[in-house]
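Asker: The residues making up each chain are set out below.
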Amino acid sequence: MSFLGFGNGQPQLSSEQKIAAAETELDLVTDMFNKLVDNCYKKCISTQYAEGTLSKGESACLDRCVAKYFETNVKVGENMQQLGQTFTNAGKF
Amino acid sequence: MSEKNPSTEVPKPSAAASAATEAAKKVKDVKPPKRLFANPAFQAMGIPAMRLPSRNWVIFWMTVTAAVGGFGYDKYQQKKIISKYADMMKPMAEKTMDTKTVPRKITVFIAPPPSDYLETSLKMWRRYIKPVLFYAGLDYDIVQEDRQGVIRTEVANRMRALRKEYIEEPKIEAPPVTPTDKNAELTPAQVKELGKEYKNNFDWRDAIGIFYKKDKPAEINSEDLESGDLSLSGGVICLGRGAYKEYLAGLHEGLLGPVDPPVIPEEPKQAEDAAKKLTPHEEEVEKEIKVMEEQLEETNEGPLDTEEKPTEEKEEKKEENTGVLARFIDPSEYEAAPFPPLELHSQGSVIHDKQTKLPILVNQPLLVVSVPNLIGFLAIPQRIYRFYRKRYMTEDICSDVAALVESSSLRPFDAATDVNLAKEEESDWPSSWVKQGRKRDSEWTRDVVTDPRITSLMRVCNKPVPVSPEADQTANSE
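Going line by line, the protein sequences match chains A and B. Following full-length UniProt numbering, the numbering of the first sequence begins with 1 at its first residue and continues without gaps. Following full-length UniProt numbering, the numbering of the second sequence begins with 1 at its first residue and continues without gaps.
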């Protein structure tokens, strides 16, 4: 354990904690995926269903939408991580 | 008062005068009768007489109406034109497409007009080009620049990457370093390496559940491959004369130039350094060296070596920061360069990308769209004129983009006239900017140098450029 920032920075995680962390991560990814599906569906697929298969315009739109969503997500994630690091580091001596 | 005191007759005339002035004042204060519009028929119906606005108000309202109405009409026409082309394209997007194919991809190069922001060009892209592409169900890849040379570097890098792939074909990659003992502690460097590898190979499709039970598609192909005629695949749009010039330069540089950055001969460099030592800038140089030495922690080099390296490294760093690389080949060397380069010999007149199996940028149909952008105070009348006639520009651009999408009017690149595509834009460039560009040997103000071996691969779908005396001149200068 670290006392006032002395000692090792990261506490050792027990396997239960690790599993919990993995679960939250999975939740995050699933959540993101569901949101992505929702948003891109709303954006790209018209409510007048003429055919069972995707049309060319729809699939092109979906491609772009998904790519954009992922890219944004990754970028935001990276920035958040950086913010978090600076935040935790700022608390230490 | 005067009746009571007849003796006071003297002030009488003055009183009369004051009365007269008062009367005059009254006359002055009386407003002219309101101009009323009365019609017996209206009055019979009970509609009261209407007041008409004064002359000045009439002028004011007429001017405002004309200005706003003209703008509104222009906008309305623009919308009509865009929706006309969108409707034309719609049937293409309504075709069904297999999930294992990706739509045709148009590469768009966007450069800002001189002395203005990128937003100006982006607006043109968003308003007139993107809707047409969107309704045609096409994919697009945008390369935009905020400083000169980015597009050239990008195009050249793509060409070089392609050539590198062909060069490295026979090589088999060495198996990645795997730790022999799993329990053994990994060095930080190894951990970093593993992390990098993981990141490179990371596929989002693995992280998401869809392909948990179903297999991932083995390969994803472009629809162009299915359509049969490969010469109609892809497409390039250059937005702005500068983007077009850089695109041409990039193609030549990437295909004719060396794959690796040329090594700058050392001798003149040393001479320069020697010259520098004599100058009073020594202090600065020393400061630079100190900074660089801190950065060069890993390498232990003698003081003599480090004296030369800092400047070179600094230059490289600058290039990395701006994303612009120096030219690998000078336009004057085009003729001497061998083409096709050794690695592309097997390709013939259509060079294919190795991964997508599609023709590369050179072979894709090209469309150049000019970005008319006048700036300056004195140009205001001309700007107003253009502002109210944007519908004609819209029609031009949309029809060109539609032609690119349909690949209907493709023609081989004519080196004599087609280097002047969108040249009319150059008359809009501020003269001071052009002067400065000439001084700094800017890529935009330089003459376009083309090589017939490259241009023979290209195809354009712009309308043919009318031959002007100027065009003849450039053709002769080549």
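Incorrect hints may have been included.
Quick list of in silico lysine to aspartate or glutamate cross-link-like pairs, EDC-like style, CA-CA up to 16 Å [unchecked claim]:
| id | chain 1 | residue 1 | chain 2 | residue 2 |
| --- | --- | --- | --- | --- |
| 1 | B | K199 | A | D63 |
| 2 | B | K105 | A | E58 |
| 3 | A | K68 | B | D139 |
| 4 | B | K100 | B | E219 |
| 5 | A | K68 | B | D141 |
| 6 | A | K43 | A | D63 |
| 7 | B | K199 | A | E71 |
| 8 | B | K95 | A | E51 |
| 9 | B | K95 | A | E58 |
| 10 | B | K100 | A | E58 |
| 11 | B | K354 | B | E168 |
Computed Cβ-Cβ distance ranges for the label pairs, DEER-style [unchecked claim]:
| id | chain 1 | residue 1 | chain 2 | residue 2 | range |
| --- | --- | --- | --- | --- | --- |
| 12 | A | Y49 | B | I59 | 56 to 66 Å |
| 13 | A | F87 | B | A336 | 41 to 51 Å |
| 14 | B | D141 | A | N34 | 25 to 35 Å |
Under 10 Å between C-beta atoms, here's a sample of chain A residues computed to sit facing chain B [claimed, not checked]:
| id | residue |
| --- | --- |
| 15 | F33 |
| 16 | A50 |
| 17 | E51 |
| 18 | G52 |
| 19 | T53 |
| 20 | L54 |
| 21 | S55 |
| 22 | C61 |
Don't read these hints as lab results, they were simulated from the structure. Using N, Cα and C, we set each Cβ at its ideal position, and we do this for glycine too.
Asker: Run every hint past the structure and note whether it holds.
Answerer: Against the structure, the hints:
1. K199(B) x D63(A): Status violated; Cα separation ~22 Å.
2. K105(B) x E58(A): The given pair, whose Cα atoms are some 15 Å apart, holds under the 16 Å limit.
3. K68(A) x D139(B): Given that 16 Å is the threshold and the Cα spacing comes to 13 Å, the pair holds.
4. K100(B) x E219(B): 7 Å, holds
5. K68(A) x D141(B): 12 Å, holds
6. K43(A) x D63(A): Given that 16 Å is the threshold and the Cα spacing comes to 12 Å, the pair holds.
7. K199(B) x E71(A): Holds, at about 14 Å.
8. K95(B) x E51(A): Distance of about 10 Å is within 16 Å: holds.
9. K95(B) x E58(A): 10 Å, holds
10. K100(B) x E58(A): 14 Å, holds
11. K354(B) x E168(B): It holds: about 12 Å lies between the C-alpha atoms, which stays within 16 Å.
12. Y49(A) x I59(B): 56 to 66 Å: Holds: the Cβ-Cβ distance is about 57 Å, inside 56 to 66 Å.
13. F87(A) x A336(B): 41 to 51 Å: Check failed, 59 Å falls outside 41 to 51 Å.
14. D141(B) x N34(A): 25 to 35 Å: 28 Å, holds
15. F33: 5 Å, holds
16. A50: Because about 8 Å separates A50(A) from the closest Cβ in chain B, which is inside the 10 Å limit, the hint holds.
17. E51: 6 Å, holds
18. G52: Given a least distance of 9 Å, the restraint on G52(A) holds.
19. T53: 5 Å, holds
20. L54: Holds - the Cβ of L54(A) comes within 10 Å of chain B, reaching about 7 Å at its closest.
21. S55: 5 Å, holds
22. C61: Given a least distance of 8 Å, the restraint on C61(A) holds.
Hints 1, 13 from the list above are not met by this structure, while the remaining hints are.
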